[in-house]
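Guided by the hints, dock chain B onto chain A, whose structure is given.
From first to last, the protein sequence lines are chains A and B.
Residues 1 to 476 in our numbering are what the first sequence lists, from first letter to last.
Residues 1 to 248 in our numbering are what the second sequence lists, from first letter to last.
Bear in mind the hints are in silico, worked out from the structure with no lab data behind them.
Since the model is a prediction, treat every value here as computed from it, not as a measurement.
Backbone N, C-alpha and C define an ideal beta-carbon position, used for all residues, glycine too.
Be a bit skeptical, because a hint or two may be false.
Some, not all, of what chain B presents toward chain A, calculated at C-beta under 8 Å [stated by the list, open to error]:
1. 79
2. 162
3. 173
4. 179
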Amino acid sequence: MRAGAPVIPAAQLPRPGEVVDGFLVGERIHSGGMGVLYRVTAPGAAFPAVMKVPRLGPGEPATSVISFEVEQTVLAALSGPHVPRFVASGELERRPYLVMEEIVGPSLKDWVPRAPLPPGEVARLGGAVATALHSLHRQDAIHLDLKPANVLFRDTGEAVLIDFGLAHHARYPDLLAEELRRPIGSAPYISPEQVVGERGDPRSDLFALGVILYQLATGRLPFGSPTSEAGLRRRLWRDPPPPRAVAPGVPEWLQEIVLRCLEPDAARRPATAAQVAFDLAHPDQVALGERARRTRTAGPLARLRRWILAAGYEPAPLPSPSTQVAAASIVLVAVATQHDDEAQLAALREAVRGVLERGGARRLACATVIRPISQLGGSRQDETAARQRLKHLAILRHWAEPLRLATGQVSFHVIESGDPAGALLEYARVNGVDHVVIGAPPPAVPLRGVLGTVSTKVALEAPCTVTLVRPPASRR
Amino acid sequence: MKLALLADVHANLEALTACLADAEEQGAEAYAFLGDLVGYGADPAAVLDVVREHAERGAIVVLGNHDAAVLDPAEAATMNAAAGEAIAWTRGRLSAEHRAFLASLPLVARRDDRFFVHATADAPSEWVYVTDPLHAGRSLAAAGARWVFSGHVHEPVLYYASTAERPLPFRPVPGVAIPVPARRRWLAIAGSCGQPRDGNTAACYAMMDDARQALTFHRVPYDWPAAAAKVRAAGLPPRLADRLAKGE
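Chain A on its own, in the form it takes in the complex (with noise of 0.2 Å):
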């Protein structure tokens, strides 16, 4: 038997009115360089759906039919209000073709003519898109062609990535892995580590989030789009100008973000999404260095040092996305900071402690729950709200202190609400928190279970691991 390339035969087009496994084929909505998609209806399926056929036969690259593997393998596995719903495949050498649910909301790309943006319009969209790629990378999937066009927004504002083709999924075989000799990705967009030919680090997708932010925030792309590999290469050693330096209204917080996205070291960008999510929704808690200043590109000196690093450039074997992700992970305590009791206060500290000691880049968000100042009374409200807030919040740096964590791996979160377990709930969901740290009820409240607390809440309803602390003495 010969060994040789798969042999695929030219994938029959669709005709709309015609019946495709099942599937009614109705208009072409969209005809791109790797297939066609048409609108098709779907027996008993509760959401529109769409037929994605590759473009494939002679006269096609031979990595049309491979990206089309890929995504069938990859969107199949993936699920969550992030991906397209998969519905069905047809198999490559009978009839090819995807099913999935159709997203009818904006893309990402119709953004791009507007910008520059208001900051505050670049961290909505880019925190929503980072929400999606930490969904992605706790799946153990890496987009790794995360551009403007290949983001879609649901009604309810989710954004939904689309266009798995040159995804990674390290629960698979990397079948572009094994084909592709020269870097594949969007030009603006790829990672340096991609321009090597690196295919396993999450961060990837950070750094394309980090160009993607950059062009929002100021209309320009960072690194251009480069035609070439050797202008491609560039990223790994030239630094791009700084945002504010092209638009002097991005605010020193937004740039030290996306000029940490776009590191040319992964190592030195956020250790997660959900990091930057977090950051683009906190942007008083970001922790601001040289990056934020920074007003103009490297000198010829560093930039010779970095070229000499790239030039050694060579990528260490990583663990799976999943768990990268999970040795990053952002701990959200709760700290009742209106209530004095210093055994509670103390137990919650060392229950703390213990999560951050398992290693990684953990993240700690310290936050309080207190009633609305507007209930206070007051007739000097905006005042005693300002002292209010600004007493919860010492009380919690106060209670980090004992850690002594390093600016950046701490956030202090002082919440009004009349709800607190309703409020750090909706807290733990919008900012993908991973575990929550809160006290126990105390063993003898008379009809606990009747009423409710807080914690019990919490811990019946939270999205992710929950730890309840009771302090030493009141054990029994």
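Same frame as chain A, but now just chain B:
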């Protein structure tokens, strides 16, 4: 049809029983034993009885180097001390029927586009370890088949190749059905049923689903303390019991 692939059982009855029960639950309709039925473990006779029964019902069974060493002292002479000791011990536990069964085993088997061999297709009787893409490529080329199933290396791994000369290795995640379509060539090392060596004590086997053209690598936790206790009670080298406890 679902085909269960078991390699390197090494006279571990507890591991074999656990894997066969799991495979049956998963709907296995056919079985292939990829060599090294005996050696190291304390239940060679019982394991051979189970495998022979399957062979009589059509299972594929190929010869491994430990199986060959039981029959051929020259083969045994090439082994390390503990393995050689276990082979000598094993000889005293086997009946004439067991020997005849081992002597009847082929080095390789072929079913359509599938090739079965203990070590490598390019030199089946030399027991070369397929531990890198170069050797995997040689085995695939010599087999001239779409799918090559083998053992000998005690860790599960899947090599895949299409146009590239050298296949790429992939470490499978247990329980994930990996598409292995015929348009590529695949070399699957099932991992060891009776003596896993990747730091995980659970027994390995793999399942090929013909209808879906998908391959799933499985890990089955089994009663290794019982198997290890039998090794010690039999007076076999204690290191062979320790290996089961550590999965190395």
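**Prompt:** Going by Cβ atoms only, is residue 173 of chain B closer than 8 Å to chain A?
**Reply:** Holds, about 5 Å.
**Asked** Under the criterion of a CB-CB separation shorter than 8 Å, is residue 79 of chain B in contact with chain A as hinted?
**Response** violated, 32 Å
**Item:** When the least beta-carbon distance from residue 162 of chain B to chain A is tested against 8 Å, hint result
**Value:** holds, 6 Å
**Message:** Does residue 179 of chain B hold up as a contact with chain A if the rule is Cβ-Cβ below 8 Å?
**Reply:** holds, 6 Å
The structure fails hint 1 only (numbered hints given earlier).
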